[in-house]
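Visitor: When you get a sec, could you build the whole thing from the sequences and use the hints?
Quick note: the sequence shown uses this note's numbering, first residue 15, plus one each step.
Calculated from the structure, these hints are not laboratory results. Heads up, the beta-carbon is just placed ideally off N, CA and C, and yes, glycines get one too.
Restraint ranges, calculated between C-beta atoms of paired labels, are given here:
1. Ala52 <-> Pro30: 15 to 23 Å
2. Pro131 <-> Leu56: 16 to 24 Å
3. Asp110 <-> Ala80: 25 to 33 Å
4. Arg99 <-> Pro137: 36 to 44 Å
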Amino acid sequence: MRDTVRVWVLAAGAPPDVLARYRAVLDPAERARAARLAADGLRDRFTVAHGALRVLAGRATGAPPAALTWRRGRYGKPALTGPWRGLHTSLSYSGDLVAVALSDGRPVGVDIQHVVPGGDPVPASARFFHPREARHVATGPDQAARARRFVRLWARKEAAVKAAGGRLWPNLGMPVDRADVVECADPAGRHRLADLVAPRGYAVAVALAGDEPYAVECRTDLGDCP
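Guide: Written out as structure tokens, the structure is:
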């Protein structure tokens with residue numbers, strides 16, 4: 015049977031009562047991190063992202079969301095510990111959206127990127143990307159197209175690196191534009207990528223360890239809040 019990756023793309027804002035319920039399932043370190051964010055929007059986005067991750071992982075494991083614990087790997091990737099370690103999770107947020115991914119059995123990475131208006135992505139792509147990808151970005155017909163191309167490639171790279179549990183910078187030159195199975199350099203390994211249908215102005219990609227195909231279920235709400 016084909017593996018399935020479950021992805022949720024959620025609004026980063028929430029009413030005060032929903033925020034309070036998300037805040038209640040965070041651990042002390044997460045609450046402290048949220049409190050250090052000066053802007054209300056950033057603080058709320060962090061709370062929604064980490065609260066939603068806990069709620070969704072709790073539903074998948076049958077554990078109380080507040081009881082779940084993650085341990086960071088060598089390069090900072092969080093992995094569930096104890097009896098829940100068979101469930102793989104990934105989290106990303108950008109702009110006004112949050113993305114959460116869950117996978118049973120295979121490491122997963124998800125990345126969402128907001129296409130920020132203005133600016134020129136051509137120098138950055140020339141510096142960091144594979145030469146073929148840099149040309150793809152540079153030949154976009156206008157600034158908006160070049161930004162969309164750059165952000166799509168960046169999201170695919172980040173998703174693969176998150177699944178691998180590695181660092182972004184050593185892997186930015188990894189070509190991801192033509193093939194859906196890519197080779198991370200550090201740590202070495204193959205990962206299968208998929209682009210998700212994203213709201214206007216965003217790019218979303220997901221990756222799963224290994225080259226075997228998988229299905230993706232994408233949702234835009236949690237149903238009943240905690």
